[in-house]
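**Q** Line by line, the protein sequences are chains A, B and C.
Residues 4 to 210, numbered by this note's numbering, are exactly what the first sequence covers, in order.
Residues 3 to 512, numbered by this note's numbering, are exactly what the second sequence covers, in order.
Residues 22 to 285, numbered by this note's numbering, are exactly what the third sequence covers, in order.
In case anyone wonders, no lab produced these hints; they're calculated from the structure.
Please read these numbers as outputs of a predicted model, since none were measured by experiment.
Misleading hints may appear alongside valid ones.
Unchecked claim - The list that follows gives simulated cross-link-like pairs (lysine to aspartate or glutamate, DMTMM-like), each with its CA atoms no further than 20 angstroms apart:
1. K74/C <-> D120/C
2. K54/A <-> E206/B
3. K74/C <-> E400/B
4. K54/B <-> E66/B
5. K210/B <-> D150/A
6. K54/B <-> E196/A
Stated by the list, open to error - If you want the footprint, here are the derived chain C segments under chain B, 3+ residues with CB under 8 angstroms:
7. 37-46
8. 55-65
9. 145-153
10. 185-195
11. 201-212
12. 246-252
As the list claims (entries may be wrong) - From the derived model, a few chain C residues whose C-beta atoms are all more than 12 angstroms from chain B:
13. A121
14. A127
15. A131
16. P158
17. S166
18. R171
19. D181
20. L219
21. D221
22. G230
23. S232
Ideal Cβ placement from N, Cα and C applies to all residues, glycine included.
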Amino acid sequence: MSARADILERIASALRDHPAVEPVPRAYRSAGTLDRAALVEQLVDRLVDYKANVFVVAAADAPAQLATLLAGVSSYVVPHGLDEGLLAAVDGPVREVDSPERRLDVAGLDAVDAVVTGAAVAVSETGTIMLDGSDDQGRRIISLVPDRHICLLRASDIVQILPEAIARLDATRPQTWISGPSATSDIELERVEGVHGPRTLDVLILT
Amino acid sequence: MSGTFLGMPTLPVFGHGNLNATEPFPTAARSELANPQLRANLGHATHTIRDKRLRVVAELPDWEELRDAGSAIKENVMANLPALLEQFEANFTARGGVIHWARDAGEANAIVTDLIRATGETEVVKVKSMATQEIGLNEHLEEQGIAAFETDLAELIVQLDHDKPSHILVPAIHKNRSQVREIFLREMPVVDPELTDEPAKLAEAARKHLRAKFLSAKVAVSGANFGLADSGTLAVVESEGNGRMCLTLPETLITVMGIEKLLPSWADLEVFMQLLPRSSTGERMNPYTSVWTGVTPGDGPQNVHLVLLDNGRSAALADEMGRSALHCIRCSACMNVCPVYERTGGHAYGSTYPGPIGAILSPLLTGIKSEENNSLPYASSLCGACYDACPVKINIPEILVHLRAEDVDSKRSATKVPTQMDLMMKGASWAFSSGRNLGLLEKGLPLGKLAAGKKRKITKLPGIVAGWTQSRDIPAPPSQSFRQWWAKEHQEANHDGGTSTNPAATKGDA
Amino acid sequence: MRIALFATCIVDAMYPRTAQATVAILERLGHTVVFPAGQACCGQMHVNSGYFKEALPVVANHVRAFDTEDYDVAVAPSGSCVASVKHQHGMVAKRCGEDALAARAAVVGAKTYELSQLLVDVLGVTDAAAQLGSHFPHTVTYHPSCHGMRLLKLGDRQLDLLKTVGGIEVRELPEADQCCGFGGTFSMKNADVSTAMLEDKTANICGTGASLCSGGDASCLMHIGGGLSRQGSAVGTLHFAEILAATLENPAHIAGDVQLAGRK
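Just need the whole structure built from these sequences, with the hints factored in.
**A** Here it is in structure tokens:
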């Protein structure tokens, strides 16, 4: 008998008492109550708590803000679907574009200073930004290897609680949920930021 | 009746691997208790995390509703496990992943070894995974000439120190910062000799130590926190980014997951990803969660495998009273609040799974008779703090008591010489099964008082009761029991089944 | 109200004053107390040690003693024993195949209250000095026992009652919610861990500067008191029922090195 058949039969045998199960009570919150301004405020509070740098700017001012953030870097990478207009004011650093036609390799990504991506949705209550590999967010590797992640988030993509975000996401897309820069609590259970993932997380919330 | 047709009940098949207490818990606990540094480290760490957890749990207005949902979802998973496994398999496979089934630790280790061999590599990077610790994968790979590098900071500390994990979330919880610094200075091939014991500096040292490994790794081995049956999706929850590195950069990804880790649907993640981070690290959300479904062309590993592990889980499932232990999402909240764990640490439990959940899960997976695992269910004062903290409401104290009964019953036989405990329980059963019997015994109370003597306390008793008098006195018994006092007050002799009431105000406390 | 007293085995044999105090409090409130004489023990020592077979006759005896008696509610001065009556008796009976006993146990369990539960929830006692005449001019700290706190969800009932006793000074116990390390046979089987827990508990108690530690479970108090006695501490233990029963005219006797014993 194959291991598969064997295991499935063991389980069936274990369940021969046909355990009765109740329907799942879903009395927890399924939607938030905050308005747009309060969502932004809560998200900022949470991200700052995680030691992320947060900038709330009008969409029209995003290019200037990005230019300021990227002023000190020598190179950065963007996914091919990121709106070029956002980068119009960035002058100086070398821009690498990761696309299906030209995929950057690990060494190439390790050599750039920063990555700029969009985001799919964010949860204000937990301070979590979700990337789902859409064209403005790119492959998982590009937002991982560079040491600084600059993430652009439309205020209209902020929800309050996790169930609202889950409803917006497609399970089968590769996802990365990000709540602050990389961190560890492995030494005496005290949180410190900056381990293997990007050590700097800049979030631009576009209102 | 004795046929072996499909569908006939089969005997539970227990698991193997790093699941055993190798010495009785009280013996192991005694040596751990003798280490004051360990107790100080554990006390500090568990108190820190307790406070954090309480703070973030109190923030959610619907925490109890989330627990109720989490518990019910897991109950549904267990009841429908065969169908959910098949659904998961179909979806994962349809998206380009390959599923392997492993009956036990040995089979899982062999599967992973063969998959690594097929890539031609002799090194793998690893994300912290309870399942691979349970099966002893690293030790097995080493025997096979394959080096496995742990990349989680705490796992790295433990691996560099040639030690064993002592906590499921923070395997190096028993080490403090200066001990970690000392290990890094001693074991890292390239390390700044000026390294201080600041946690941030230690984390940076780990980053430098592992960076080149991540960037060149061709094969990664991971566990998984959740598998979603309706989409064939896997999720790994982490903090440092080592998980992302392992799950994204290599060409080949081999994940080992217990069969109980499934959730029916993607939407169920909305419950568990609220419960898990707050219960484990006491954070609103962990820094990183990675989600993948089979292979995504051009993004991440293109050679994706999943080993579905039984290793005693089906046996645990067959135990109607104990099966809810499989609801565990490995958050570690129970050990962080456990007064026993806080004082002994994880090593005393022997198994990969320490603390209250380990005290039930280990014997459920291996059977109560395996090595010294029958001592684990007694490693609890039944204070109930674990049940209160458990995000999926596993009634750990009730299962502990159930497993104690399994242990007692497994030793009952006509030929066996009864233990002191057996005799004590039999005697007490007689004494306590009628008011008359207890009343008879209570006539001996003045003898106890006499034995206590002038100091009015008993300070040394023999046998198993010596455990009590090693640190506690027993007060001298009173000269008469309440029952005797009541009877005198009421002048009624009927001691068994009769009733008496107290007509006047009691004069007993004068 | 006609109230059946379940004294519990340890109080009956070792701490009769706790049961006497319980009777005194209830009678002071004008209620009739009955003592079902067939009672012995709740059986939790057997259950919690895994000796279900030996627990069964103990459970059966308790159910028999309390379902043949005529009363409105039953009360015990112990959170742990009440939790056993409410939560364990049915389970043990069912596991031993005694479904009829399990059903009777459920009826008894539903009518059984822990003392502070009965006083606060049923009898409406909120001010011990005013309603019971309680007077206890001593400095006291309080340990909430685990089973009362977690299985019966007693909350602050016992502590709140203590705070309303005349003349008392109640000092907060740090880490009060931590188990004292008793745990029945745990204290013998895992004596070293139990002792380590006890030492932290007694250190916290002594740190409050109180002269007494009160609580609602005689077994935990015996454990804590036994530890304090062995450590040579002058701090004693006393069940909260005895503090509530104490009055100006009839003060509780708290002298002696092990507070609850041998005073009659």
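**Q** For each hint, tell me whether it holds in the structure or not.
**A** Each hint, compared with the structure:
1. K74/C <-> D120/C: Roughly 15 angstroms between the alpha carbons, so the hint for K74/C and D120/C holds.
2. K54/A <-> E206/B: Holds. K54/A to E206/B sits at ~16 angstroms (cutoff 20 angstroms).
3. K74/C <-> E400/B: Holds, at roughly 17 angstroms.
4. K54/B <-> E66/B: holds (18 angstroms)
5. K210/B <-> D150/A: Roughly 13 angstroms between the alpha carbons, so the hint for K210/B and D150/A holds.
6. K54/B <-> E196/A: Status holds; Cα separation ~17 angstroms.
7. 37-46: holds (count 7)
8. 55-65: Since 9 is at least three, the answer is holds.
9. 145-153: Check failed, 0 qualifying residues.
10. 185-195: violated (count 0)
11. 201-212: holds (count 11)
12. 246-252: holds (count 5)
13. A121: holds (18 angstroms)
14. A127: The claim stands: A127/C keeps its Cβ more than 12 angstroms from every Cβ of chain B (closest is about 17 angstroms).
15. A131: holds (19 angstroms)
16. P158: holds (16 angstroms)
17. S166: violated (9 angstroms)
18. R171: Given that some Cβ of chain B is not farther than 12 angstroms from that of R171/C, nearest at about 4 angstroms, it is violated.
19. D181: Holds, because the least Cβ-Cβ distance between D181/C and chain B comes to about 21 angstroms, which exceeds 12 angstroms.
20. L219: violated (6 angstroms)
21. D221: Violated, because the least Cβ-Cβ distance between D221/C and chain B comes to about 8 angstroms, which does not exceed 12 angstroms.
22. G230: holds (22 angstroms)
23. S232: At roughly 17 angstroms from the nearest Cβ of chain B, S232/C sits farther out than 12 angstroms, so the non-interface label holds.
In summary, the numbered hints that this structure violates are 9, 10, 17, 18, 20, 21.
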